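*Asks:* For reference, each letter of the sequence shown is one residue, going 5 to 108 in our numbering.
Hint data in this document are derived by calculation from the structure and do not stem from the laboratory. Computed from a predicted model, the values in this text were never measured in an experiment. A hint or two may mislead.
[Claimed, not checked] Straight line, CA to CA, 20 Å or less: simulated DMTMM-like cross-link-like pairs of lysine to aspartate or glutamate:
id	residue 1	residue 2
1	K79	D12
2	K6	E50
3	K6	E42
4	K56	E42
5	K34	E77
6	K95	E23
7	K56	D12
8	K79	D52
9	K79	E47
10	K27	E47
11	K6	E54
12	K56	E14
13	K6	D67
14	K87	E26
15	K34	D67
16	K87	E47
[Unchecked claim] Estimated spans, in silico, between C-beta atoms of each pair:
id	residue 1	residue 2	range
17	E50	F82	17 to 25 Å
18	E54	E30	14 to 22 Å
19	A20	P55	35 to 43 Å
20	G98	P29	28 to 36 Å
21	R102	E77	17 to 25 Å
22	R102	M22	38 to 46 Å
23	T65	A20	30 to 38 Å
Think of the CB as a built atom: it goes at the ideal place given N, C-alpha and C, for glycine as much as any other residue.
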Amino acid sequence: MKAYLVLDFEITNLPAFMEYVEKIPEYLRKHAGRYLVEGVTPEILEGDWEPKTIVILEFETQDNSNNFLSDPEVKQLFSIRHKNTNSNLIKVSGGSWRDELSSN
5 MKAYLVLDFE ITNLPAFMEY VEKIPEYLRK HAGRYLVEGV TPEILEGDWE
55 PKTIVILEFE TQDNSNNFLS DPEVKQLFSI RHKNTNSNLI KVSGGSWRDE
105 LSSN
């Protein structure tokens, strides 16, 4: 089953953040990930969420996403992101809520 990481961020220090931007694609490839959406400003249609910039990453499997998230070099890059952005990150599994209901 595919896995998706959704990142909402606001850059606070662009020059320092660029190291993250330049290096992260190498680790996406290493862990069978790819950009579905890369740094776009969303159009807010409903609710109170005020995202600034959205990135959506797709991984071929849950294991690929877990390996990406636990990779020590990726963690170092995440540290750069944490220091130079205000960000939120969520992981979403491919599938449907109906699948989860039927398995309970």
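*Asks:* Has the given pair, K34 with D67, been kept, meaning a C-alpha gap of at most 20 Å?
*Replies:* holds, 12 Å
*Asks:* Okay, A20 versus P55 on CB: inside 35 to 43 Å?
*Replies:* With Cβ atoms ~22 Å apart, the hint is violated.
*Asks:* With the threshold set at 20 Å, check whether the alpha-carbon distance from K79 to E47 stays at or below it.
*Replies:* The hint is violated at about 30 Å.
*Asks:* Mind checking the hinted window 14 to 22 Å against the Cβ distance between E54 and E30?
*Replies:* violated, 31 Å
*Asks:* Determine whether the Cβ-Cβ distance between E50 and F82 falls within the hinted range of 17 to 25 Å.
*Replies:* Because 30 Å falls outside the window, the suggested range is violated.
*Asks:* Does K56 pair with E42 here, judged by a C-alpha cut-off of 20 Å?
*Replies:* Since the Cα atoms of K56 and E42 sit roughly 13 Å apart, the hinted pair holds (cutoff 20 Å).
*Asks:* Taken at face value, is the distance from the CA of D52 to the CA of K79 at most 20 Å?
*Replies:* Given pair K79, D52 is violated - Cα atoms ~30 Å apart, limit 20 Å.
*Asks:* Would the hint linking K6 and D67 be met if the CA-CA limit is 20 Å?
*Replies:* holds, 9 Å
*Asks:* CA of K6 to CA of E42, is that 20 Å or under?
*Replies:* Between K6 and E42 the Cα gap is close to 18 Å, so the pair holds against 20 Å.
*Asks:* K87 and E26 were given as a pair; does the straight-line alpha-carbon distance stay at or below 20 Å?
*Replies:* holds, 16 Å
*Asks:* Is it true that the CA of K6 sits at most 20 Å from the CA of E54?
*Replies:* violated, 27 Å
*Asks:* Would you check the hint for K95 and E23, treating anything up to 20 Å between C-alpha atoms as holding?
*Replies:* Status violated; Cα separation ~23 Å.
The structure fails hints 2, 6, 8, 9, 10, 11, 16, 17, 18, 19, 20, 21 (numbered hints given earlier, in ascending order).
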